[in-house]
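Two chains, two frames, some hints: make the complex.
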Amino acid sequence: MTAPLLSVRNLTVEFHTSEGVTRAVNNISFDIPHGKTIGIVGESGSGKSVTSLAVMGLLQKPAAKILSGEILFNGEDLLTYDENQMRKLRGNQISMIFQEPMTSLNPVFKVGEQISEALRIHKNMNPKEAWDKAVDLLTQVGIPNPAASAHKYPHEMSGGQKQRVMIAMAISCEPKLLIADEPTTALDVTIQKQVLELMHDLQQKYKMSMMFITHDLGVIADIADDVVVMYRSNVVEKNTAKHIFQTATHPYTKGLIACRPNLGNNPRRLLTVSDFMTEAGEEIKLDAGKVEVFDKESVPEKSSEILLEVRNLVTQFPIKGGLFGRTVDHHKAVNDVSFTLKKGQTLGLVGESGCGKTTLGRSILRLIEPAAGEIIYKGKDIIKAGSEEMRQLRKQMQIIFQDPYSSLNPRMTVTEILTEPLIIHGVGANRAERVERAKWLVEKVGLKVNQMNRYPHEFSGGQRQRICIARALMLNPEFVICDESVSALDVSVQAQVLNLLLDLQEEFGLTYIFISHDLGVVNFISDHVGVMNAGRIVEMDRASEIYKNPREEYTRTLLSAIPKGKAGLVL
Amino acid sequence: MKENSLWKDAFIRLTKDKWALASLIIVVVYSLVAILSACGFIAADWAQEVGASNLAPNAEHIFGTDIFGRSVFQKVVRGTQVAMSVGLATSLIAIPIGVVLGAVGGYFGGWVDDFITWLYTTFSSIPNIMLLISITMILGKGLFAVYVALGATSWVTLCRLIRGEVMKHKEREYVQAASAIGGGHTRKLFKHILPNVTHIVIINTSLQFQVAIKSEVILSYLGLGVQGEPSWGTMIDDAKLELARGVWWQLAGATLAMFIIVLAFNILGDALRDSLDPKLKGK
Numbered sequence: 000m001t002a003p004l005l006s007v008r009n010l011t012v013e014f015h016t017s018e019g020v021t022r023a024v025n026n027i028s029f030d031i032p033h034g035k036t037i038g039i040v041g042e043s044g045s046g047k048s049v050t051s052l053a054v055m056g057l058l059q060k061p062a063a064k065i066l067s068g069e070i071l072f073n074g075e076d077l078l079t080y081d082e083n084q085m086r087k088l089r090g091n092q093i094s095m096i097f098q099e100p101m102t103s104l105n106p107v108f109k110v111g112e113q114i115s116e117a118l119r120i121h122k123n124m125n126p127k128e129a130w131d132k133a134v135d136l137l138t139q140v141g142i143p144n145p146a147a148s149a150h151k152y153p154h155e156m157s158g159g160q161k162q163r164v165m166i167a168m169a170i171s172c173e174p175k176l177l178i179a180d181e182p183t184t185a186l187d188v189t190i191q192k193q194v195l196e197l198m199h200d201l202q203q204k205y206k207m208s209m210m211f212i213t214h215d216l217g218v219i220a221d222i223a224d225d226v227v228v229m230y231r232s233n234v235v236e237k238n239t240a241k242h243i244f245q246t247a248t249h250p251y252t253k254g255l256i257a258c259r260p261n262l263g264n265n266p267r268r269l270l271t272v273s274d275f276m277t278e279a280g281e282e283i284k285l286d287a288g289k290v291e292v293f294d295k296e297s298v299p300e301k302s303s304e305i306l307l308e309v310r311n312l313v314t315q316f317p318i319k320g321g322l323f324g325r326t327v328d329h330h331k332a333v334n335d336v337s338f339t340l341k342k343g344q345t346l347g348l349v350g351e352s353g354c355g356k357t358t359l360g361r362s363i364l365r366l367i368e369p370a371a372g373e374i375i376y377k378g379k380d381i382i383k384a385g386s387e388e389m390r391q392l393r394k395q396m397q398i399i400f401q402d403p404y405s406s407l408n409p410r411m412t413v414t415e416i417l418t419e420p421l422i423i424h425g426v427g428a429n430r431a432e433r434v435e436r437a438k439w440l441v442e443k444v445g446l447k448v449n450q451m452n453r454y455p456h457e458f459s460g461g462q463r464q465r466i467c468i469a470r471a472l473m474l475n476p477e478f479v480i481c482d483e484s485v486s487a488l489d490v491s492v493q494a495q496v497l498n499l500l501l502d503l504q505e506e507f508g509l510t511y512i513f514i515s516h517d518l519g520v521v522n523f524i525s526d527h528v529g530v531m532n533a534g535r536i537v538e539m540d541r542a543s544e545i546y547k548n549p550r551e552e553y554t555r556t557l558l559s560a561i562p563k564g565k566a567g568l569v570l
Numbered sequence: 000m001k002e003n004s005l006w007k008d009a010f011i012r013l014t015k016d017k018w019a020l021a022s023l024i025i026v027v028v029y030s031l032v033a034i035l036s037a038c039g040f041i042a043a044d045w046a047q048e049v050g051a052s053n054l055a056p057n058a059e060h061i062f063g064t065d066i067f068g069r070s071v072f073q074k075v076v077r078g079t080q081v082a083m084s085v086g087l088a089t090s091l092i093a094i095p096i097g098v099v100l101g102a103v104g105g106y107f108g109g110w111v112d113d114f115i116t117w118l119y120t121t122f123s124s125i126p127n128i129m130l131l132i133s134i135t136m137i138l139g140k141g142l143f144a145v146y147v148a149l150g151a152t153s154w155v156t157l158c159r160l161i162r163g164e165v166m167k168h169k170e171r172e173y174v175q176a177a178s179a180i181g182g183g184h185t186r187k188l189f190k191h192i193l194p195n196v197t198h199i200v201i202i203n204t205s206l207q208f209q210v211a212i213k214s215e216v217i218l219s220y221l222g223l224g225v226q227g228e229p230s231w232g233t234m235i236d237d238a239k240l241e242l243a244r245g246v247w248w249q250l251a252g253a254t255l256a257m258f259i260i261v262l263a264f265n266i267l268g269d270a271l272r273d274s275l276d277p278k279l280k281g282k
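So the sequence lines, in the order shown, correspond to chains P and Z.
The first sequence lines up with residues 0 to 570 when you count with numbering that gives the first Met the number 0.
The second sequence lines up with residues 0 to 282 when you count with numbering that gives the first Met the number 0.
Bound-form chain Z, shown alone (with noise of 0.2 Å):
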């Protein structure tokens, strides 16, 4: 007998998608290269020379080596924790405040509405790259004060979306029930309603990654991001100079490694919203 929920139907369907399947293995490769590397099992002596200086990609040395004979391949490694990190952090920052925000405002109406509506259009009229500069001005360089500027101006969107799908669904005949049945603001609100928006949560979050991942390499290649450790934006930053003596190698590890994983991401947001999409199911 079928008894399948929406989200195993949605599993299902997406894991039908060839491309999205591959998508999700990817990022699930990504994520345990980063986990690895940063509990210190891989790429932990990436500082060490591993050859002569500036070798280009061989056997031993997939990606060749760097300027101070260091390996190119370990540093992309060390770069992918860097990377994933960054998008985590941001997520974990930006999913509460924008689910929380978005819902509310959603939920509620009235002036508390009118205040969150405010906010977000306060922030999001503000140009990215100006408030990310000007917090890692406040708060210093580093990974820390990246985590907080990326968390900080990616949950407009989310609070956005969720905000319209709330107020669509308040309406629902469904959470009228609730209301009928004698359930309070709390129940309607997260046990009937959250769990209708969820995969806007999924869907978001998958695209929002890869824009903090691109956001760090924007970030570092202009100086303001990751400090003395490697990063695929400091790489870049790097390879620019290094270009003109032919050294390309640096260049392509990390773009290599960032253009995969920025793909598999849009891949699989674009599945995702398809399979867990309700208004497209079906077709």
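So that you can see chain P by itself, here it is in the shape it has in the complex (with noise of 0.2 Å):
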């Protein structure tokens, strides 16, 4: 057997800040064999990026530390290099693709411009020739046009024609070895998909190797070979692709795999990594009595009260131009929109980022406001409310927002943030009782009534979001919009919260419209699905009926887009 192109030793890495020292890479050990492509899975913070960046030599020095450890590419360690001969390596034998194509390209050059500087550095081609290579390059990524494309400017070029143009960098030395740090995280399952494949294909082609990095095991079953598990900075499972999905031996690679939906099978509630495994890490024995499969079919609507009618709802923005800024034109974000939703039920609303499903939400709420339509709710129709009568309502409706970070107050403590409904609406008769409320709902969530006084940015992002959806239900609202509301949170972590918003549904009645580009997600949640796509509902029923019998060409290509791994692996 050769040896490995890439084979990292007892790598541990350190940082020291101000704040302390934190470990993020212990004593991990892992090859890369040749033409092979390895996939590293984790959640946030488990050490899988940091690695990464250890490979290609850029942590940022002093503060991070690397303690021990090798690093072989091709035999000779790279941990010994200087700074030059690093750089003669990077862009060259190793290339790195990020996950942000929005900030990972420079918006003052041409995208040619790019791709051509990395090919006069390494291969010392004079302009010309790199601008043709650099057009070629553009032709196998699957660019259209790539003549005319070379000139365009980043901005001028869509999310995965972006990620497209940084594979065309990255490959454009041949590269013996490709790092992709989340490659398709930003981007939508059908242009993922693409993507991928486009990936695989250049792999195959200039027999590459791949260390893909993910947290998504579904994108991992689809491209990796071999899988590396990481969780809190060590590799606790590697083994083939096949092996991991069909016989994990560690627990936190069982959990991972459990807690992700998927449209095979309905379980009533996600397992977590929590079923599997104790917070110190030791395992147990998994409940059977938790993997409860049904039907939803077979499961009778639970209420038949129509609690929110939209009919014909349009929201639109304003196209403008010309020399003073006139409107010219306007941009139905949503366009004739009609459907009902029942008490107690949940409605998922599916497609593509820029089909208006956000939209249409915070019309919904009046947050933004409709241009035509009518939405009734409970018999009246909320778009003729004055605004005391809108200031009123909206005790009873209410949004948790996607991202858990900007969707709350900095400067507020939790305390704060959650009574501050109760202050607007003068629920309450003084403050102490308010703030009962706030700690039980603080308990119902699953967060402790100890951490109150602290601010936002001391808790993680499942946390916050649990502060998001605690304060939605402060005023004990009857109708919940989740806004992509568990887009930003690891698989893990998304279980534990889908699972909180069907317990609180359950204990409290309460009726959600969910919101988002996750069709394993949505299929998991929801009784009834609308596939959205440029400000429409084109598709609309219960979601068995969508995922056995999709009727629209587009609802059939965002299924066929979910990955699915390689021969059917696993999901």
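Keep in mind the hints are simulated off the structure, nothing from the lab.
You may find that some hints are simply not true.
[As the list claims (entries may be wrong)] The list that follows gives simulated cross-link-like pairs (lysine-lysine, BS3-like), each with its CA atoms no further than 30 Å apart: (1) P:284 / P:341; (2) P:109 / P:204; (3) P:331 / Z:140; (4) P:331 / Z:169.
[Claimed, not checked] Simulated restraints, written as ranges between beta carbons of each label pair: (5) P:304 / Z:121: 56 to 64 Å; (6) P:76 / Z:17: 35 to 43 Å; (7) Z:35 / P:43: 49 to 57 Å; (8) Z:184 / P:146: 31 to 39 Å; (9) P:231 / Z:35: 56 to 64 Å; (10) P:84 / Z:121: 55 to 63 Å; (11) Z:121 / P:429: 49 to 57 Å; (12) Z:163 / P:456: 46 to 54 Å; (13) P:125 / Z:17: 48 to 56 Å.
[To be verified] Pulled from the structure, derived: some chain P residues nowhere near chain Z, Cβ distances all over 12 Å: (14) 22; (15) 184; (16) 390; (17) 408; (18) 456; (19) 470; (20) 541.
The C-beta atom is built at its ideal place from N, Cα and C for all residues, glycine as well.
What follows is the structure, given as structure tokens:
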């Protein structure tokens, strides 16, 4: 057996900051053989990105200290290389694709220039040669009309196209090793599928090795030969993809595989990592009672009372143009949308970014004013409601936003955040009473009462989302819109929050509109699903119907784009 | 258990920076000197003759004496009072105008914003020194005119910064969340947005303070500022003629005093920006 291309041995990395020392990577070892793809999975903070930066020699010094280990690339230890030697290697033999295509391209240079830059540095090409090669690379990554596209600036391209440009840059010098750090996380499912296919094809064509970092097991199953699972700075399991998915041994891996909602079955509740291991990392035997699969169709409709009816809703944004910025036209973000929602049910809205699902959600709450149509809530058209009437209605209708980092005011404590809705609506006789209700809900959403004097930045993403959920429920609403409420969370945390939302729905009889781009999540939580495209609901039916018998071409495209793993490995 | 607000975090970070801490101490010392002088505890008899005319610095008079035999050190102390009062008064005038106009313009947008933008663009299109001179011409020379003149010109930067920052925060989800729970404009603007832009006011004030001090010196040097009282500007003005005769200590005293406080405010301003700006947090 030949020596692997890259071999990481006993690597330990620590970060020394003013707040103390954190060990980001703890004594990890793994190999990347020639021409193979290694997937590295783990949740945020598990050390997977730090590992990739260590290989690239891009760790921020002096904060980051490599305490021990070797990174052997073709048998040579990269850790002994100086900056000059590393620079010759980077972009040439090892190159990297980052997560955010929006920010990893330089906005002031044409994409052709950015691709040719690496070629001129590493391959000593003259500008003309480099440019021609750049156009050729753009052709290979499937950019339409490559000769003209090379003259475009990054902002003139879509997210998927930018990621293709990043890939073109990364493979321009035909590297031996390509490191991809969450390259498809910021993309829509359909685009994600195309990009993954492209990366796979290029890997085969150039016989590259690939280190593919992601938190999404579905993506790993699609692309990786071998998988390395990282958890809290350690490698807990490594094996071939097939083995990982079929016979995972570490409880964390099992949890990770189980917590992902998929279209194959309909568990009543999602399993989480905590069903497989304790906080301290000890394995616990899975309680068989928790694996309860049920057929949604067999469940009778919970109620027949219609809570919300939307009729022919239109929301539009002006398009400004001309010399004086006059409104020349309107963009209809929500175009003639109608549906009804019964009490206690969940309507899922799916679609790609820009399809109008978020605008629809906000229009229903009149956070954005709709241009036309009716929103009938409990028999009353709320578009006609005056401002005081609307304020009263807000008690009953709430929203949970996508980004738990920006939806909490950083200058307010949890107590202040939670009691604010009560103060606004004059609920509760005094402060003590309001704080009492806040405490009660804090426990309901799974936080601790002694954390209530803390500020949002002291909580993790999942905890913050729980705070947001508690805030939404403070006024005892009947109707809650969840706008991509779990999209920013790690899969394992996502499962916990989804379970929480279901528990709360059952306990308080809530009615949800659940907006997401993730079809698996929507399928899990919704009774009915509406598929949105270009401002319209193109198809709407019971969740099981949509997934089993999609009528529209667009729905079928969305469904086929979900990562399913090579040869249907898992999902 | 850690329960630090962003403010407390920022303060801890600030005090970890030795230069920032030293600058903060200098600012506090200058402020104390100014207060004591204003209350008449020190340098009250600066106008008294304490020795011969134009004595060079010595053990008794560390900055020497001026042409009338007055202590230059006492004049510098007195000048500190003028300088700090100008900085303070300018801030007191500029902050309310800048914050209110910036916040209102940024929050409400539309014609209100257009008007405010027009107003500060107009103000900033007039060269500052011309505006200062014309205001002192109208109000007459003296300290009060300097306050008004500097206050009227230094709100523009703050207003522009606040407006931009408010526009950014207005779109944040936590403000939308406040709308969703039924919060009105007043609550959103004052309870949610303003506390998140206050750091801009602090950073800007620290940097504007030294600009005001320098402007007072320039105005007084031009004879448009403080009358009948020592200020660093008038001292430097006096030194113009004295230098030819080798009397350098009046210039040195005023310049040194100004140099230290301006430098301190600059370092402090930068350190405040580093420790308060959430964008840089953790770096």
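Hints, verified against the model:
| no. | hint | verdict |
| --- | --- | --- |
| 1 | P:284 / P:341 | violated, 39 Å |
| 2 | P:109 / P:204 | holds, 27 Å |
| 3 | P:331 / Z:140 | violated, 61 Å |
| 4 | P:331 / Z:169 | holds, 23 Å |
| 5 | P:304 / Z:121: 56 to 64 Å | holds, 60 Å |
| 6 | P:76 / Z:17: 35 to 43 Å | holds, 39 Å |
| 7 | Z:35 / P:43: 49 to 57 Å | holds, 55 Å |
| 8 | Z:184 / P:146: 31 to 39 Å | violated, 52 Å |
| 9 | P:231 / Z:35: 56 to 64 Å | holds, 58 Å |
| 10 | P:84 / Z:121: 55 to 63 Å | holds, 58 Å |
| 11 | Z:121 / P:429: 49 to 57 Å | holds, 50 Å |
| 12 | Z:163 / P:456: 46 to 54 Å | violated, 23 Å |
| 13 | P:125 / Z:17: 48 to 56 Å | holds, 52 Å |
| 14 | 22 | holds, 18 Å |
| 15 | 184 | holds, 20 Å |
| 16 | 390 | violated, 4 Å |
| 17 | 408 | violated, 5 Å |
| 18 | 456 | violated, 7 Å |
| 19 | 470 | violated, 7 Å |
| 20 | 541 | holds, 29 Å |
Going down the numbered hints, you'll see the structure goes against 1, 3, 8, 12, 16, 17, 18, 19, while the others check out.
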